[in-house]
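Residue strings, one per chain:
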Amino acid sequence: MNLTLKVWRQSGPSDKGRMVTYKVEDVSPDMSFLEMLDVLNERLILEGDDPIAFDHDCREGICGMCGMVINGVAHGEQRATTTCQLHMRHFEDGATITIEPWRAAPFPVVKDLVVDRSAFDRIIQAGGFVSVPAGSAPDAHSIPVRKEDADAAFDAATCIGCGACVAACPNGSASLFTAAKITHLSLLPQGQPERLSRAKAMVDQMDAEGFGGCTNTGECTAVCPKGIPLDAIARMNADYLKANAK
Amino acid sequence: MAVTGAVMVLFLVLHMLGNLKIFLGKDSFNEYAHALRTLLEPLLPYRTVLTVLEVVLVASVVLHMWAAISLSRRAGKARPVKYVAKKSQAAGYTTHIMRWGGVTIALFVVWHLLDLTFGVVNPKGFDSAPADRMIAGFEPSRWWVTLIYIVAVVMVGLHLRHGVWSAVQTLGWANSTRNKVLRLSAGLLSAVLVIGFLAPPLAITFGVVK
Amino acid sequence: MKYTEGPEIRDAKAPSGPIEERWEKRKFSAKLVNPANKRKLNVIVVGTGLAGGSAAATLGELGYNVKSFCYQDSPRRAHSIAAQGGINAAKNYRGDGDSIYRLFYDTVKGGDFRARESNVYRLAQVSVNIIDQAVAQGVPFAREYGGLLDTRSFGGAQVSRTFYARGQTGQQLLLGAYQALERQVAAGTVTMHTRHEMLDVIVSDGRARGVIVRDMVTGEIERHLADAVVLATGGYGNVFFLSTNAKGCNTTAIWRAHERGAYFANPCYTQIHPTCIPVSGEYQSKLTLMSESLRNDGRVWVPLRKNDTRAPGDIPDDERDYYLERIYPAFGNLVPRDIASRAAKNVCDEGRGVGPGGLGVYLDFRDAINRLGRDAVEKKYGNLFEMYERITGENPYDVPMRIYPAVHYTMGGLWVDYDLQSTIPGLFVIGEANFSDHGANRLGASALMQGLADGYFVLPTTIGDYLAAGPFGEVDEAAIAEAELKVRNKIDRLLSVNGTRTPDSFHRELGKLMWDYCGMERTEESLRKALERIPELREEFWQNVKVTGTAEELNQVLERAGRVADFFDLAELMCLDALVRTESCGGHFRAESQDADGEALRDDENFAHVSAWEWGADGPILHKEPLEYEYVKMTQRSYK
Ligand SMILES: Cc1cc2nc3c(=O)[nH]c(=O)nc-3n(C[C@H](O)[C@H](O)[C@H](O)COP(=O)(O)OP(=O)(O)OC[C@H]3O[C@@H](n4cnc5c(N)ncnc54)[C@H](O)[C@@H]3O)c2cc1C
Ligand code: HEM
Ligand code: HEM
Ligand code: SF4
Ligand code: F3S
Ligand code: FES
Chain A
1 MNLTLKVWRQ SGPSDKGRMV TYKVEDVSPD MSFLEMLDVL NERLILEGDD
51 PIAFDHDCRE GICGMCGMVI NGVAHGEQRA TTTCQLHMRH FEDGATITIE
101 PWRAAPFPVV KDLVVDRSAF DRIIQAGGFV SVPAGSAPDA HSIPVRKEDA
151 DAAFDAATCI GCGACVAACP NGSASLFTAA KITHLSLLPQ GQPERLSRAK
201 AMVDQMDAEG FGGCTNTGEC TAVCPKGIPL DAIARMNADY LKANAK
Chain B
1001 MAVTGAVMVL FLVLHMLGNL KIFLGKDSFN EYAHALRTLL EPLLPYRTVL
1051 TVLEVVLVAS VVLHMWAAIS LSRRAGKARP VKYVAKKSQA AGYTTHIMRW
1101 GGVTIALFVV WHLLDLTFGV VNPKGFDSAP ADRMIAGFEP SRWWVTLIYI
1151 VAVVMVGLHL RHGVWSAVQT LGWANSTRNK VLRLSAGLLS AVLVIGFLAP
1201 PLAITFGVVK
Chain C
2001 MKYTEGPEIR DAKAPSGPIE ERWEKRKFSA KLVNPANKRK LNVIVVGTGL
2051 AGGSAAATLG ELGYNVKSFC YQDSPRRAHS IAAQGGINAA KNYRGDGDSI
2101 YRLFYDTVKG GDFRARESNV YRLAQVSVNI IDQAVAQGVP FAREYGGLLD
2151 TRSFGGAQVS RTFYARGQTG QQLLLGAYQA LERQVAAGTV TMHTRHEMLD
2201 VIVSDGRARG VIVRDMVTGE IERHLADAVV LATGGYGNVF FLSTNAKGCN
2251 TTAIWRAHER GAYFANPCYT QIHPTCIPVS GEYQSKLTLM SESLRNDGRV
2301 WVPLRKNDTR APGDIPDDER DYYLERIYPA FGNLVPRDIA SRAAKNVCDE
2351 GRGVGPGGLG VYLDFRDAIN RLGRDAVEKK YGNLFEMYER ITGENPYDVP
2401 MRIYPAVHYT MGGLWVDYDL QSTIPGLFVI GEANFSDHGA NRLGASALMQ
2451 GLADGYFVLP TTIGDYLAAG PFGEVDEAAI AEAELKVRNK IDRLLSVNGT
2501 RTPDSFHREL GKLMWDYCGM ERTEESLRKA LERIPELREE FWQNVKVTGT
2551 AEELNQVLER AGRVADFFDL AELMCLDALV RTESCGGHFR AESQDADGEA
2601 LRDDENFAHV SAWEWGADGP ILHKEPLEYE YVKMTQRSYK
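Residue numbers (this note's numbering), protein chains in the order written: chain A, 1 to 246; chain B, 1001 to 1210; chain C, 2001 to 2640.
None of these hints come from the bench; they were simulated from the model.
Treat the numbers as computed from the prediction; the structure is a model and nothing was measured.
Do not rely on the hints blindly, as some may be mistaken.
Unchecked claim - Calculated cross-link-like contacts (lysine-lysine; reagent style BS3-like; alpha-carbon spacing at most 30 Å):
hint, chain 1, residue 1, chain 2, residue 2
1, B, LYS1082, A, LYS16
2, C, LYS2379, A, LYS6
3, B, LYS1180, A, LYS23
4, A, LYS242, B, LYS1087
5, C, LYS2002, C, LYS2379
6, A, LYS147, B, LYS1180
7, A, LYS6, B, LYS1180
8, B, LYS1086, A, LYS6
9, A, LYS6, B, LYS1082
10, B, LYS1082, A, LYS242
11, C, LYS2025, C, LYS2002
12, B, LYS1180, A, LYS16
13, B, LYS1026, A, LYS200
14, A, LYS23, C, LYS2546
15, B, LYS1086, A, LYS16
16, C, LYS2040, B, LYS1180
17, C, LYS2380, C, LYS2002
18, A, LYS23, B, LYS1077
19, A, LYS242, B, LYS1086
20, B, LYS1077, A, LYS6
21, C, LYS2040, A, LYS147
22, C, LYS2025, A, LYS147
Here chain A stands alone, though its shape is the one from the complex (with noise of 0.2 Å):
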C-alpha cells in the first residue's frame, strides 16, 4: 500500500507546530499503525531529518501509552481498539490519512504527537485509591461480593488512562476517565468508606486541572478502547451530588 501522511509536527511546548505531508510506501496491510510509523521513521532518521514522537510502549493495548487522533478520530475509526492495536489492513491503498495529537488544555503537547498527560495521575492522587497500607487487609474471604458488583466493578476497572476520552470530547471533558475510576471503586464494598469523598475530590481535581464539562454527548465512550459506558458518568454525578448535599 502507498499512503500519504499529514502529521502535526511541534518540535517542543513552544513551538507553534504545523502539519507536515509525508508519503509511505510499501506498507503491509499486516502492520500495525505504529509499525507504519516506524518505518517512515527509519527513512527519516537515515535522511537525517528527525523523526516523529509519539508515545507507545506495551504496543498490545493495555498500557495506555499510545494515543494519536487519526483522521479525526480519537485511536482511529476501529471501535475499541488503541492506536497500537490499529492495522493498516483497514485503511485503502492510496489513503491520505491526518495525524494530531490529543488536544487539550490540560494535556499540553510534549512534542510532535506527546503530550502531558500527568493530570490524570493527580486526579487519581486526589481520591482514586481505597487507604489501606500493606499489610492491614483482612482476609481475602472476609467479604463477599456480589459476582455482578464485582464484574461490573471490573468493567470500569479496565480503563487505560489513555486520554482517547478528553481527545474526542467536544468539551474537552476528562469526565469518562474520571468517571471510570470512581465507579470501580463505588461498585465494591471495599471502597464504600471513602466513596463521597472520593468522588467529590476526584471531581473538583479534575475541574482544577482545566477539563472541560460534560454535557453528555457521548463522543468519549464511542472512541474509548475499553467501552467504558455512560453508566459510569451518572454514577459519578450521582455521588458527587450525594457529596455535596451532605
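With the hints as your guide, set chains B and C with the ligands onto chain A.
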C-alpha cells in the same frame, strides 16, 4: 443546567396543554388565559401566581443560559487548539443542536413574547383577547409566522430529545439498563411536545380553527 | 570471551533452622528504624511496576522519604500492566490439596532445581498476604456466584491456585499498586519522577547512594541522592529485539549497576513462551502473547506430513499430530512452558510447521467449541480471540489459531541475597530485575506473585534493617561527578558517530543473532559463533550508528541507542553464561545435554549452583553460589 432545564420542560408541558385548549373553542382558551392570571384570587392579587411562575421561569432561563455559556467557555478553554480534522463518532450534531439550537430558541422566545404576550408584533395588538391574538397571528396570510414557529418548535424538540435524557444522566439516575427506556421516553416526550405545539398554529393556518 | 573464576559465594544470608520459621526469624532479627528517623531517610525506587510500585507505596506508608522513577509518562504504564493470566497464592480456598508447602515444592521443581529453597518458601508464605492486600485495595478479581474468589489452574499446576481478573490480572494488580503509590504522592511521602531514565548508580564509600537520571523531556542530566537505592526495572527480554515485552523494556538500569559492581546472576536463563502470535513480517516490532490459559481448552497440533499446505480444516484427524498429547500423555497440552516451546520448535524444524515460513503450530478450538458450545468458549476466551483477530485478521472460531514460541521472561538478573540486597551495599533489587526465585524456569502466574511479595512485604522489612544504621551522611562529590561524566560521555559519543544505520537496525540484527544462537536451543558451536559476532556488531554500532537530534530535547532515537548499546554488552555475557553452563535446565537447553527422548538433562553434579558474574575490566569473573536442597529432593523433571 438539569434543574433549570427541567423547570422549563415542565412549563412547556403545561403550556402545550393550555395551547391545545384552542381546539375546545375560543372561550375555553380565553378562560384558561384568564384563569392563569386570576389563579388563587381573591387570596392573592391579580396575576400573583402567574408572576411567580414567570419569575421562576425567567430565573431558569437566565441560569440555564448562564450555565450553557460558562460550559461553552470552559470547553473553549479546555481545547484552545482545534483539530485540523475532526470526525464525530457519536450523535455528532448534539453539541451544535444544544448550543446553537438553544440560542435559536432564546431568540424565538423573545419574538414570541412580543407576538403573543405583549402583542407588539401581533396584528390584533395588546388589548385583544388572547385567542383572537393567536388566531390572527397564524392566519393563512401570515404563513411565514407559522413557519418560524415550526422551525422553533422543531428546535425545541431536538433540544429536548437530548436534553431530557441528558438531565437524567446529569442527575445520576441513568444507567445502561434504563437507558433504552430513558432515551425512548425523551424522544417520545419531545415528539408529543412538537406535535402538541404545532397542532394549533397549523390548524389555524389551514383554517381548521377560526 | 575470556573469563576468570572468583571465590564462591558461601552465604546468601538466609537464616538457618526449619524452613517454615526462617522468614519469621529474619523479620524478628531485622533492626527497626525509629519512626521519627524514617522521614530523614531517603530511598530511591527506580521502576513502578508491580515490584517498584508496591515497594515505593509501602515505603512511603512506613514514613520514609521516597523518590520514584519510571521512563513512561505515568507509573501506571509499567510493563507489569500487560500480564494476563493470573497470580498464584497458596490460599487453598478450593480445598484441593494446596498448601504453602505444595506451592513451594511446585516452584522449586518447576524451576528445575536451580532456585534457593529459603527464598521460594518465603515467597509461598507471603503469597497469601498478597491476595488479601489486593482485594482490600479493590482489585476486582474474578468471583463465583457465592461472592467468593474464583481460581483456576494454570501453567502446569495440578491445583487451582491462580487468582485472576479476566485476562487482565497484571493490569488490575498494577492499578492497585499505582493507586497506593499515588495516595502516597498526595501524602507527600513519595515524589514521582516520570519520563526519567536512570543511567547510572552513584556508589560512594562502597554504598549505593543515588542515581544519575536523564529527564527525557528536557534532556537534563540530574543527580538524586539517597540512603538506599532500589532497582525494580524489570526484565531484559528485549535483548532479542522481538519479545512479548513492552518496547521500552531495557537492561540499562541493571547493566549499569552491574558495571558498578553488582553481580549479574544466571543471565542465560530466559523463558520462551509457547503461545505467541507468530511473526508476520520484517517490520514486526514486538510479539504478542496469547494467554497460556488457552491451552486449557485448545489442542495443539501440526500436520503429520511435512510441507502439508492444505487448509487446516481439510486435514482429517488421522493426518494431524497432536504432538503434546502424544509425547506427554499425563500433562498433554498443559506441560510447562519450556517443554511446550521446545516441542513446537522441534516439529517446525522437522518441516511440519504451518503458516508463512513454516514457523507456527495450530492451537485449535474446534473440539472445545463442539464440546462446550461456541458461547461458552466465547465467554471464557472472547477477548483473547478478538485480540488475535485484530492482529492477524483471522477468526479463530473458524480457523485454528497459529502460535509460535517467543521470548517472554528473563529468570536471570542482578544477584541478591535473602534480603534482596545486591553485592553493592545499599543497592536492593526486586521483581524481574533480580535473578529471583524462579530458578531456571518460571512457572506461570508466579512473576506477579514474586514482584508483589518483594515490594509489599519482603523489601520493606529487609531494607529497614539496612537503613537502621543510617542516615549515611554526605555523598562523595567526586563519586557523583564521575558518574555524571560517564553518562554524559556515553550520550555525547552516541550523538557524535553520525553513521549510516539506525539504532533499531542494529537492535534487530543483534536480536536475530541471539534468537538463532542463544535462543530455544543452544550449542557450543552456536554460542561460540555468537560470541564472535556480537563484538563485531558492537564495533560496527559504535562506528556506524546514526542518532539524530540533540541531547537537550525529547529524543527517542537517543533513548533507543543507549539501550541498544547496553544490550550488546549483556548479550555477550548471556552467551558466555550459556556456554559455560554445559547442562540443560529449565529455559536453558544445551543440545549436547539431552536424554534419549530429547528431554533436557540436568547435571546436578557440576551445575547445582547460581552463576553470579562480576564485572571486571579484563573480562567477567564468575562466582558460584552452591544450591543445597534439604526439603525437596532433586529429581529429573518429568511431565510424561
Ligand atoms: C505479555 C506478558 C504476560 C505476562 N503474564 C503474566 C502472568 O499472567 N502471571 C505472572 O505472574 N507473570 C506474567 N508476566 C510476567 C510479569 O508481568 C513480569 O515479570 C512482571 O510484571 C515484572 O514486574 P516488575 O515490577 O519487575 O517490572 P516491570 O513491570 O517491567 O516494571 C519496570 C519498571 O521499571 C522502569 N524502568 C525500567 N528501566 C528503567 C530505567 N532505565 N530508568 C527508569 N525506569 C526504568 C519502568 O518504567 C517500569 O516502571 C507476563 C509478562 C508478559 C510480557
Ligand atoms: C436560552 C437558550 C438555551 C440555550 C443556550 C441552551 C443550551 C443548552 C445546552 C448547551 C445544554 C447542554 C448541557 C447539558 O446537556 O448538560 C442544554 C441542556 C438542556 N436544555 Fe437547554 N438551552 C436553552 C434553552 C432551553 C429551553 C427553552 C429548554 C426547555 C424548555 C431547555 C431545556 C434543556 C434541558 C432539559 C437540558 C438538559 C440539562 C442537562 O443535561 O443537565 N433549554 N441546554
Ligand atoms: C407554537 C406553539 C405555541 C403557541 C401557539 C404559543 C402560544 C402562546 C400564547 C398564546 C401565549 C400567551 C399566553 C398569555 O399571555 O396568556 C404564550 C406565552 C408564552 N409562551 Fe408560547 N406558544 C407556543 C410555543 C412556545 C414555545 C416553544 C415556547 C418556549 C420555548 C413558548 C414560551 C412561552 C412563554 C415563555 C410565554 C410567556 C408566558 C407568560 O407570560 O407567562 N411558547 N404562548
Ligand atoms: S475512559 Fe476510555 S478513553 Fe478514557 S482514558 Fe479510560 S480507557 Fe481511555
Ligand atoms: S464526550 Fe464529553 S460531553 Fe460528556 S459524555 Fe463524554 S465527557
Ligand atoms: S502502546 Fe500500550 S496501549 Fe498502545
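Going through the hints against the structure:
1. B/LYS1082 to A/LYS16: 13 Å, holds
2. C/LYS2379 to A/LYS6: Since the Cα atoms of C/LYS2379 and A/LYS6 sit roughly 41 Å apart, the hinted pair is violated (cutoff 30 Å).
3. B/LYS1180 to A/LYS23: 46 Å, violated
4. A/LYS242 to B/LYS1087: 36 Å, violated
5. C/LYS2002 to C/LYS2379: 55 Å, violated
6. A/LYS147 to B/LYS1180: Distance ~24 Å between A/LYS147 and B/LYS1180 Cα, so the pair holds.
7. A/LYS6 to B/LYS1180: 40 Å, violated
8. B/LYS1086 to A/LYS6: 14 Å, holds
9. A/LYS6 to B/LYS1082: 16 Å, holds
10. B/LYS1082 to A/LYS242: Violated. B/LYS1082 to A/LYS242 sits at ~35 Å, over the 30 Å cutoff.
11. C/LYS2025 to C/LYS2002: Not OK: C/LYS2025 and C/LYS2002 at ~42 Å, beyond 30 Å, violated.
12. B/LYS1180 to A/LYS16: 45 Å, violated
13. B/LYS1026 to A/LYS200: Between B/LYS1026 and A/LYS200 the Cα gap is close to 54 Å, so the pair fails against 30 Å, i.e. violated.
14. A/LYS23 to C/LYS2546: Between A/LYS23 and C/LYS2546 the Cα gap is close to 22 Å, so the pair holds against 30 Å.
15. B/LYS1086 to A/LYS16: Holds, at about 20 Å.
16. C/LYS2040 to B/LYS1180: 58 Å, violated
17. C/LYS2380 to C/LYS2002: Status violated; Cα separation ~52 Å.
18. A/LYS23 to B/LYS1077: Violated: A/LYS23 and B/LYS1077 sit about 34 Å apart, past 30 Å.
19. A/LYS242 to B/LYS1086: Violated, because 36 Å separates the two Cα atoms, which is more than 30 Å.
20. B/LYS1077 to A/LYS6: 26 Å, holds
21. C/LYS2040 to A/LYS147: Roughly 45 Å between the alpha carbons, so the hint for C/LYS2040 and A/LYS147 is violated.
22. C/LYS2025 to A/LYS147: Violated, because 40 Å separates the two Cα atoms, which is more than 30 Å.
Violated hints, listed in ascending order, are 2, 3, 4, 5, 7, 10, 11, 12, 13, 16, 17, 18, 19, 21, 22; each of the other numbered hints is respected by the structure.
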